[in-house]
Structure formats: structure tokens, C-alpha cells
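J.: Residues per chain, in single letters:
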Amino acid sequence: MTAINRRLVLLLPLGIAGVAGVGLYSMLDRMRSGKFDPRGVPSALIGKPVPTFTLPGQGDSPGFSSADLKAQGRPVLLNFFASWCVPCIAEADVLLALKQSGQPVFGIAYKDKTEATDAFLRQHGNPYVQVGRDAAGSVAIDFGLYGVPESYLIDTTGTVRWRFAGGLTADVVRQELAPLLKTLT
Amino acid sequence: MIPELGHFALALAVAFAAAQFIIPLWGAQSRDVRLMAAAPALAYGQLIALMAAYGSLVWSSVIDDFSVLNVAENSHSLKPMIYKISGTWGNHEGSILLWCLILAICGGAVGLFGRNLPSSLRARVIGVLGGTSVGFELFALLTSNPFLRLWPVPLDGRDMNPLLQDPGLAIHPPILYAGYVGFAIPFAFAVAALLEGRIDASWGRWVRPWTLASWSLLTTGIMLGSFWSYYILGWGGYWFWDPVENASLLPWLTGTALLHSAIVVEKREALKTWTVLLAIGTFSLSLSGTFLVRSGILNSVHSFANDPTRGIFILGLLALVIGGSLLLFAIRAPVLSASGLFSPVSREGALVLNNILLCSIAAVVLTGTVYPLFADLLFSAKISVGPPYFNATVLPLTVPLFLAMAVGPVLSWKRAALGPALMRLWWAALGAAAVGIVAELGYRAGSAALAFAAAAWLILGSFAEIIQRIRLFQVPLTNSLSRLAGQPLSVWGGAIAHAGMGMTIAGIAGMSLAQTTIVAVRPGQTIALAGYEWTLLGLHDEKGPNFNARVADIRVTRDGQEIGLFHPSRNAFTTQTMTVTNTAIQSSQIADLYAVLGEEHDGTAVLRLHYNFLAPWIWLGALVMAFGGFLSLIDRRLRIGAPARRTMAVPAE
Amino acid sequence: MILRLAFLLLILAGPALAVSNPAEMLSDPAGEARAEHIGRQLRCMVCQNESVEESEADLARDFRHIIRERVKAGESDQQIMDWMVARYGDFIRLRPPFSALTLLLWAAPMLAVGIGAGAVLLGRRRRPEPPAPLSEAERQRVGKLSGS
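Chains as they are written, first to last, in my numbering: chain G, 1 to 185; chain D, 1001 to 1653; chain V, 2001 to 2148.
Bound conformation, chain G alone (with noise of 0.2 Å):
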């Protein structure tokens, strides 16, 4: 070996130091500005067909199934909640502004009962076209759902174009989901 290899071995640590720590201050840069979360988790549905389900309604009225979604003639947002998650509660204005905006907004209360489901709409609005009842929760699970509230915008064709966990809010809204809805109408 050269004397010229041996200082570039050498510097091999300082280099793969150095590349880590770049990699590690973009990490960190990136979270701040909230484009890196190394908590969050994708959903593997996107750019899928929505999955198949037909859910009851809250008391007398029908719930509805993957097929409604498909024929509102506009792209839908497919919201999880319940009436025990606390995040919904903060979420429910942002739905309601949806709703008014005239964006069909369906709910699927998550593991719910239906009186406390009926009094959390009563208490804060009722943003939703329709309400399914998933009690077993295991229409979620074929959406990949990992907590309450979730977002799904759901195309015209019953594809999944963009999810959102946790509770939305104008922000989002605004940078998020409005760009993605102008671009489907």
C-alpha cells in the first residue's frame, strides 16, 4: 500500500462520519419544516381501488357501501372517527367548512356505540353525507387504518389518491388536499 492509500483509509472514518451527519442534519432539517416524520406511515392504498365494504347506518338511517363512493360524480373524503378519539372533536369545524365548501364528506364511526356516536354529532355538527358503523373495526384494517381520526380522498374512478392520519386542519386542507382536489375536477 502507497503512503497515499493508507491516508486515504485513514480518512474513510471521517468520511463515513461525515456522510452520516449530513444525512442526519437533513433528517432533522426536514422535520422541522414538517417534510420528513419518522413516525409517520404511508398508506399502501394509494392509487388502489377503495376496498370493498358495505356498512350499516346510525339507527334508521343507511349506511353505505365502497359503491356510493364511486357515484357522487366528484372525488369524496372518506373520514374515520370516534366519538371517545379527542383529535376528532378538534377536526370537526375543519369538516364542517368542508361540508359547507360543498365536498361530499363521508363518515365511518370506528368502534363506536351508536348513541355516543349520536351525540357526538349532535354536539359538533354532522359534517357527513352518510355515516357507516364499522363496530368490529375491521373495514379500517382493509383500509390500513392505524388510529383515529384517518382521512382517504377517494377519486371518481374508486381510487385511493391521498391519505391523511390524524386530525385535519385548515392547514392541511389548504396545502394538502385543496391542490389534490383542483387537479381531479
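These aren't lab readings, by the way, just hints derived from the structure by calculation. Glycine residues also receive a C-beta, built at the ideal position from the N, C-alpha and C atoms. Any given hint might turn out to be false.
Said to hold, decoys possible - So the derived list for chain G, only partly shown, Cβ under 10 Å to chain V, looks like this:
(1) P51
(2) K111
(3) G137
(4) A140
(5) F143
Following the hints, complete the assembly by docking chains D and V onto the known chain G.
T.: Structure of chains D and V alone, referenced to chain G:
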């Protein structure tokens, strides 16, 4: 007032640390004896200031001063006193302060025990430690100040995470940190050696006790953490390949490699460049581990609350400490002349193999831990790397390691013959084979039988070196016994540490044969498991200081004879509204009986009962390893500061 | 971000109790063993670094139920795994699959040992072998010369 004093003392410590960094290094560079001689005093000054700072934090916690934000967030007036004290390091800010305190203790220790180090080397070592201190104390002061006040003062605190309110976990962090931070001393020696431009046998002799001490503490710390998850998480697991666990395992692996390569430097003046790199690398991994966990990048059940801005500060610090030392390494390492030739089959050769394997395991663990992050960053791909990966990749690498662990110590230095060395181990091989066959035939242990064989090989083989040294059965027995008394403690230490590893492996293998059952029982019902009868006598409520407990009374008998009364409980903590399981464990020498109480449904209680075969050996083995390290440490020839500088130090062995 | 955190806390704050309900388990021990094996390969999505088999989160409980249903229905390990991956993506697999993306990950052990061995060989090439130990005749000669 006291918190302000603490705040001031922390600022004072930064000033002392800065002086400790600049003055001795400047003195060593300019060969100014007076400046160099100031090093220990400055280190003591920093240590006293930090003790005052930490003392005021403990004081604030003990007297329930909820005007201090840190105390209000992590303590509660009803919390038992031991957790008021341990609570100071059970949160991010306090643990950073403890971290700094231990680093200052390291500087003070080098000042105190390093009297007979060459003055320039001592000044440089203390200076490097001072420089590291400056960085982390600034981090504490600027981003993680534990002395911030809170207004209005809350009536009571928010209490500590109940999972942390446990005696084992109270002492776990200080010991673990002492292990992590202790590697700062070998690191400082390595950087000092690069600055000095020379390393000889005496350098190895100085570095080794410090490495041994940190290694023993780290071993104990990891053991305590693992034991804690075994009995608090309550489903019989003890190691989850969680990023935080991996972060503690990495410096342990490279530290173990360092421990061994430093022997080669000491005895044979070989592997110098590599040993310096290992010393730098081990401390770098300690730093990265402790700090990246706090940046929010690594996902972990154990991590403190964290934020990316703090992470950027940490990363900058790491870049300075790690990048700076590696740059110095790249520039100055060629100065360290190599000597000490050896053949591949020799004690040195075996130690090199040990280093390759230990560092490979470390590399695999590191890769597995950070791979999901980089896959996400570079390719936006979310993948998980969990226990199945680590088990599949790490276990094969340990096989040659365990094989070599018994062979290495019986090889002679410089050049050895493998055949005769293996012949000396025939009885260990025989014992291992016997254990393996019995395990397979008797217990259908499968792959665990192999692990049992490896454990027997290690435990028996570790004493091969001593047997060889006392020439057992080659000379009269009395002669052998008198030789036995004359063996240096470091030889015993090495053998005992290796045997401890064997015990841990046996424990791990045994645990894979654990018998467990989950049952829903009514009071009065009896369940049979592993030859024991477990009877649920009843359930009752108890009140703890800051929790309400639901306790099960279980009587365990064997053939009608009472083995013990078990009281597993579920403790519902009032302030943090969280329920923690309190496992009941009774250890015998060869197994743990382990009972966990679950939920109750209409008159029945769910019980999880375990018979964990050899489980105590996992932690006992780790303690034995640490004890071996400690024995080596108190060896007269290795005692800190004791060695005189000998450049041609090759003891006749 | 704060809301997001609250959301995470909500799902993490489920009972930290790791005792399953015995009614969940399959009566057939071989099937139960298979189910546990599969469960250990799957990540509990809502907890950090816990497998489905170890977690007491509600969702993990559902997963355990589904796995056992499918084991009972006679599906193979692979089928059950694929079913999970179709819904939750590769992220749910604690043992990442071999692919171009994980090539380096799975090659890590070989690479590490290879680099280590290579470095040692390169290092040795630069240095001569140490001299062979003295033969008995030489030793005697040394003894004579040094007068002992």
C-alpha cells in the same frame, strides 16, 4: 434562590471547562510546565461547580419546589423520596446535567489518579475532556436548562412516568451514563496520543483500566435496563432490539473490542492505529446513541420528549467532537509507527479476529438501526427493521466469536500453533458436546441445544488459560496450587468475564425454552405449569403512595410443598392515569417463576404464568462479566496510575 | 404538529398491560404456535418497536384475532403476511423483504466481515512475517552466548 445558584454554578462550570480546555492544551503545545500543571485544579473546579449545580437540582426536587419547571413537570409531592432523587435524571434536562457531571468526574479522576502520567499527556487528556465538557454544558445551559422557573407556581407536579418509578430504573441511568461517559477517558487518551504523536506500551497500560471501568459499568447498566424491561413490561421479554437498546449495545460492542485491542498495544505495541480509532469510535457511538435518541429521529419507546431544534444543536456538537477527532486521526495517525509483528495464529491474531467480529456485529446493529431512516430519507421508503432481522444477522456472527473466545487465551503471543492449543481444550469440547447432546435428547432443545453447547464451551474453556498457567496435572498438585495463588488478578478477571458471557448465553438459550401459559381463573382455581401448581387465592386492593394497586395472591406449590406466595399487581397511577403491571418473580438458581396479573372479566382474572428456565443467568452472567472486569481493574499491575513508564514492557509470560 | 402529537399520545396511552385474553388463543397448539410466529413478524402499527404478538394496543389485538381467524381457515403464513402487507405496506414487516432497497441491509454482515478481513490482509502485505521461533539448537546457542 437555590435553583438560581444551580443555574449560576452551571455557568461557572462552563467557564471552568473552557479554561480546562484551553490552558492545559496550550501549555502542552508551548511546553509551559506551569500551564500544564494547572490542569487538575481546573478539572476539580469544574467538578465542584457541577456538583453544586446538580445538588441544587436534587434539592429543588426533594423539597418539592414546583416553581422550577423541571420539577413541576416530572415530580409530585406524593412521590416517594427515592424517586424524587432519581426523578432528577429521569427526564431530558436532568439527565443531560448528570451526563455533564459524570464527564466532569472523569476529568477530576484523571487529575487525581494520573499523577504519574507524563505531564504533557496528562495535560492533554484533561484538556480534551474539558473541551468535550464545554460543548455539553453549553448544550445544557442553552437548550436544556433544568433550572427554568415557572409562573404561576402550580399546586402540585405532574409526576413522573410510572414506568420509571421503580428501584431498578432509579439506579439504571447513572450507571449506564457512567459507562457511556467513562469512554470519554480512552477517547481523550486517544486524542492526546494523536496530539503527542506517540503511543507505546505504557499508553495501553494507562488506557486499559479506564476502559475496563467504563466497560464494567456499561455492562451493568445494560443489564439493569434489560432486567427492568423483563419485569416491568411483564411479558417475559428482555431484549427488543429497540433503537435505544441498540444505542447502548453499540458502544458496548466496540468497547469490548477496545478492551482487547488495548491488551495488544500494552503487551506487543501492535494495533496502535486501530486501537486509537476504536477509542474514538466507541466514545462517538456513546455520544451519538445518547444524543440522537433525544433528537426525535430515532423511534423508541424509551426516548424522552424531543424536538428537532435541539437535535440540530446536538448534531453540531457531535460534528465538532467526532468530526474533529476523526480529522485529527486522519492527519496524525501515520505518525504512530507500527511495530510488534505477529503471525495470524497467535494471541494477537485471535484478538484481531475478536475485533473483526465484534466490530462486524456493531456494524450490523448500527446498519439495522439507521437503515429505515436513510431508506426514508433517500428513497421515501418506509420499512421496519425489527428483531427477526437482528436475530438472523447477529447470531451467525456470534458463533465464530464464541468459538474463538475459548481458544484465544491459550494461544501464545507472537506465534502459536493451533493444534496443541486445541488439544488443550479437548475436555472443554467434550463437555460442550455432552451438554449439547443432553439438551437435544433430553429437552428437544433444537437450536437452543447448540447455544447450550456454546455456553458450556465458553464456561469450561475460560479456565483453560489458568489451568495451562498452573500446569495442572503436569507438575505435582501442590506445585499447581501454589502457582494458582500466584496468578495475577487480571488473568482471573479475563477468565471470569468470559465465563460470564457463557452464563448469559446459557440464560438466553434457556429462555427460549420458557414455558408459559395465559389463563383466566377464578379465586381458588389451580393451574399446573412446569411441574408447579399455581393457585389463585384471591384478589384485593391496596393503596400505594401515589397509586392504587389491584393485587393477586397466588400460592405456588410443587408436589404439595409451598414454594412461595406471589403478589403480582396492577398499579393505577393517579396523577398520570396510567396502569403499570408489577410482575411477581421468584428466582431460583436455575429458573424464574414469573407471574403477571391481567384484566379481570366477570369474576375471573387473567394470569400470565411463566417458568423461565435459566432466566436469572442472563443477568447474573452480565454481573459476572462486570465483576471480571472489576477484578482485572484492581490487578496491581493495572491499577490506575500505578504503572511506571516502561517503553520496552514485554513481561515474561 | 401538536395535534398530531396528541393523536399519537391518544393511541399510545392504551393500557400498558401485556397480558392477552386467553380466549383469544387458538385451541389447536400447532395453529397457535403458527399464529404467534406470524404475529412476531408483524409490527404493531400504533406502538413503537413492538410486535403484534407483544403489544396490548387495541389494533394489535384485532390483528391477532385476524391472524388466528386466517390460520383457522387454513391460509398459509405467506398468504396471511401478504394480506397484511396489502393493507399496511412493507412497513408492517419487522423482517424487511429482500429487494434492491434492502440489499445493503442484508449484505451488511458479509460486507462488515469482508471489509475487516480485507483490511487485515492489506495491512499484513506491508509487513514481513515475524521470524520463526527459535529452534532448540538455537536456544541453546543463545543460552551459551548470553552466558546463562
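J.: Next step is simple, just say for each hint if it's right about the structure.
T.: So, going through the hints one by one against the coordinates:
1. P51: Given a least distance of 8 Å, the restraint on P51 (chain G) holds.
2. K111: With a closest approach of 8 Å, the K111 (chain G) hint holds.
3. G137: Result: holds, 6 Å to nearest chain V Cβ.
4. A140: Where the cut-off is 10 Å and the nearest Cβ of chain V is about 9 Å from A140 (chain G), the hint holds.
5. F143: This hint holds: F143 (chain G) lies near chain V, its Cβ roughly 7 Å from the closest one there, short of 10 Å.
The earlier numbered hints are all upheld by this structure, with none contradicted.
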